[in-house]
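From first to last, the protein sequence lines are chains A and B.
Its first residue numbered 5, the first sequence is counted upward by one per residue in my numbering.
Its first residue numbered 44, the second sequence is counted upward by one per residue in my numbering.
In case anyone wonders, no lab produced these hints; they're calculated from the structure.
Cβ atoms here follow ideal geometry from the backbone N, Cα and C, with glycine treated the same way.
Mixed in with the good hints, there may be bad ones.
Think about it this way: if two alpha-carbon atoms lie no more than 30 Å apart in a straight line, the pair counts; the simulated DSS-like pairs of lysine-lysine are [what the hints assert, rightly or not]:
(1) K182/A x K127/B
(2) K219/B x K127/B
(3) K182/A x K219/B
(4) K171/B x K127/B
(5) K219/B x K171/B
A few chain A residues facing chain B, derived, Cβ under 8 Å [unchecked claim]:
(6) K182
(7) R189
(8) L191
(9) Y193
(10) S196
(11) P205
(12) N206
Heads up, incomplete: computed chain A residues facing chain B, CB under 7 Å, no partners named [what the hints assert, rightly or not]:
(13) G152
(14) E181
(15) Y184
(16) T190
(17) G192
(18) H202
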Amino acid sequence: MSVRSATRLRRLRTPRAARRHPRASLIVGVSIILGVLLLGVLRPLMGLPAPDTQNLADVLASPSWAHPFGTDNLGRDVLSRTLAAAHLDLAVAIALTLMSLASGVLLGALAGFGGRRTEAVIMRLADAMLAFPFMILVIAVVAVFGPGLKGVFVGVPLAGWAIYARVTRSEMLVVREKDYMLAARTLGYSRSRMLLRHALPNVWRPALVLSTADVVLNLVLLASLSYLGLGVQPPTPEWGGIIADGQQYLLQAWWISTLPGLVVVLVGAGFSLIGDGLADLLGQEVRLTA
Amino acid sequence: MSSDVVLRVTDLTVEFPSAPRPVRAADGVGFEVRASEILGIVGESGSGKSVTLRSLIGLVPGTGAVVAGSAVLDGTDLLALDGKSWAQHRGSSVSMVFQDAMSSLNPVMSIGQQLCEVLRIKGGLGAKDAFETGVGLLERVGISAARQRMANFPHELSGGMRQRVMIALAIAGDPKVLLADEPTTALDVTIQDQILALLADLQDSLGMSMILVSHDLDVIGQACDHVCVMYAGRVLEYGTAEEVLRTPRHPYTAALLASVPRVRTGEAAQRRLATIGGQPPELDQLPPGCPFAPRCPHVAPQCAQAPMTLDRPSPAHGTACIRWGDSADD
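Extracted from the complex, chain B is given alone in its bound form:
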């Protein structure tokens, strides 16, 4: 794995205006994406993982806005781009695959029309070249009888096929970084595996980097090189996938891993599934210090003063927990 950084995100902070004070959906998020690697961002609903991803393509939902931070891709700070330059970068520097492929394709345009459009606009191809390249792309993402499929409309394809088409659209502009927002959540498990394998294969053969957002630890473990664990808009733990998932250094990650259901036999099958007590905090009423403190089994008074920074600089395995050394002995 080469170590050159393609995308460096530092101190990304996204706020949504709200009374009495704005809500921070992402707070000081930082990570690096290296050439041809997959970074996983994992967290539960509302942890800020999707907002982080959307801000990297300049489409923060609703009234939200990036208020601080930078995301440098090839010397360009994406977060500082204006609307016009964004149109240049979207689809060619960064592009995105969405969770719900069912609704992410335009229902009144054929697959071929949608593919050719990207290739003509982003790749500057003529109509004929665009069609041939489009057929090639469909074959590349594993769609059989690609030439016939070009004439199909989205509703004529299965969910897995639509996701493949979405991926073909996203890679048509030859992006450096592909953002994948829970690309497999809406699919059934066998298709999930195929899509993950396809993404890994494409990332490998095209030398593309990828950020994969998911709440599914299995998906993350299966596909990613590095993992970023997010909670309440903050990065709690960051390191290689293997280390983070095998030897978590933050109690939240540990609790997440413990709450994944497994097939058990014998006595273990009788045990209740581990859960994390309490509710994720409201983003406008975050406790001071560590946001996980109220639910943490290892909480100590000093957690309220904990600075939310990783204890080791990336790419080492860093955690934001100040008590990790102690709690390991609990």
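Here chain A stands alone, though its shape is the one from the complex:
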């Protein structure tokens, strides 16, 4: 199943032209992300109302030149709020992913390189984490810490490291048998040096590729948590929160939820393109299932 879904995923996400030019998809992907970030930074110069400015005379206005994304039920400019949320959403999604990536790669490398007992402890923990539904685990942690980013920053890496650990461990099982690892041993290096300096740089690339898909998931997760009222708290603009606010007006004012939603989709596509480009560049398969 995993093989089939992996190939399907690849076919869906990598048009043939992009596969032939891995750099092209990298460039497009990076441009999308940087573009959204740049718009977020330049927002104050764009002549839009501030994200929190309410204009009760102009509620639920449909998209126009003055309000390209329309206004919400409090008369706030939706584009302004969407752009203001960009750096928060992107930064949090990337930070969450990096935290999971770093801890997962380290633990997975240790599991693959260390003794049988180390491996058993780390991998059973990883299995336990993967056995839980991801979202439920995160919500449970957020419930302990109370709504807000703190709980998210504890919960997501706690649940998210496991998949990286699995990928990296399997890679390490291959790398530790390589001739260059034996050659390094004949030079009398310590085990920690062997692990960190010689093995680690050879095992982390599949995890890196995986992480670009994971950024998208974390972005959506953050939006979902805000949507449920567990993530970023109002009135701080956040994509999930904006979409959640607009949901109840969907029939009168479709733009409040739909247009920020499309921005999320666009950013997701950007990360996917980066992932595909990296995968092709590094000669790695995109493996969402490990």
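Go by the hints and put chain B onto chain A.
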């Protein structure tokens, strides 16, 4: 040639656990390596030559373990070292060059990074000194434009160059004994000669001793001072390279030499290449006595009782064949 022994290996026995009884990949192996000489170990695949070599650097592959014997280098028994002391000795007392230089260099580290690392860890040099010494080492092993090469990654170098880098890494810690496990097998013939010449030259100028493992008799004859012929984990013949290869005293060595292809002309070209009948024995089903007996053209009933010891003590030209005196007349 000076006669002081640098490394004395006696009764080295390596076993791999297996049912019903363990497999002996090396059985009572003994030899001496003298200062600045090259000892060749020759034998076919599975004869225990690589296992012997690996046990001398404390890295017996897989589940194998040294169960008996000693290998004394400078008064230290290498086989008795624990993991921590091994880390001290590897790279500085003994180091190793591998068969496949293609895969023996870390693909994500530049040549300079790998060289400087050994020099910093083993030689205690600072970053700058290590770089300069590294450049010197590369020049020493015959790599041109050494300074530029330091920034190259292994995949940017040819096979011969990579083997040269491997050799530079191995000698960076100034080892007393260099173990070379078929260092030229993966290279083409012209490069083979260059690498052998380089090894001989380094061994000479650095006063280093070397053990060269190969299944290629030409390589052994070209480079070595002494030769040890191994078969089924045992030493069958041991002596100076010249004597062993010119006047072999064991039928196995003789048969090996006869099976080397040569360019022949005329009638001789029509003759089939000599081969050794049968298969090398399974190590867990060795015949009693001489392991070569089932394939030996000179086999006699008493071979089944033959003790596998050399008839003359080293460094004389010894053979494990009890019938050598008789079979010479066959």
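Please verify whether K219/B and K171/B have alpha carbons no more than 30 Å apart. Between K219/B and K171/B the Cα gap is close to 26 Å, so the pair holds against 30 Å.
Taking 30 Å as the top limit, are the C-alpha atoms of K182/A and K219/B close enough? Cα-Cα ~26 Å, so holds.
So, Y193/A near chain B? Judge it on the closest CB pair being under 8 Å. holds (7 Å)
Status of the hint placing H202/A at chain B (closest C-beta pair under 7 Å): holds (6 Å)
Can K182/A be said to touch chain B, with a Cβ gap under 8 Å? holds (6 Å)
The hint names T190/A as touching chain B; please verify it with the least Cβ-Cβ distance against 7 Å. This hint holds: T190/A lies near chain B, its Cβ roughly 4 Å from the closest one there, short of 7 Å.
Less than 8 Å between beta-carbons is the criterion; does N206/A satisfy it with respect to chain B? holds (6 Å)
Does the interface hint hold: is G152/A within less than 7 Å of chain B, judged Cβ to Cβ? Cβ of G152/A sits 40 Å from chain B, so the hint is violated.
Per the CB criterion, is S196/A less than 8 Å away from chain B? violated (11 Å)
Once the shortest beta carbon distance from R189/A to chain B is found, is it less than 8 Å? Holds, because the Cβ-Cβ distance from R189/A to chain B comes to roughly 6 Å (cut-off 8 Å).
Would you settle whether the hint for E181/A is holds or violated, based on the nearest Cβ-Cβ distance to chain B being less than 7 Å? violated (10 Å)
May I ask you to test the interface hint for Y184/A with respect to chain B, counting a Cβ-Cβ separation under 7 Å as satisfied? holds (5 Å)
Going down the numbered hints, you'll see the structure goes against 10, 13, 14, while the others check out.
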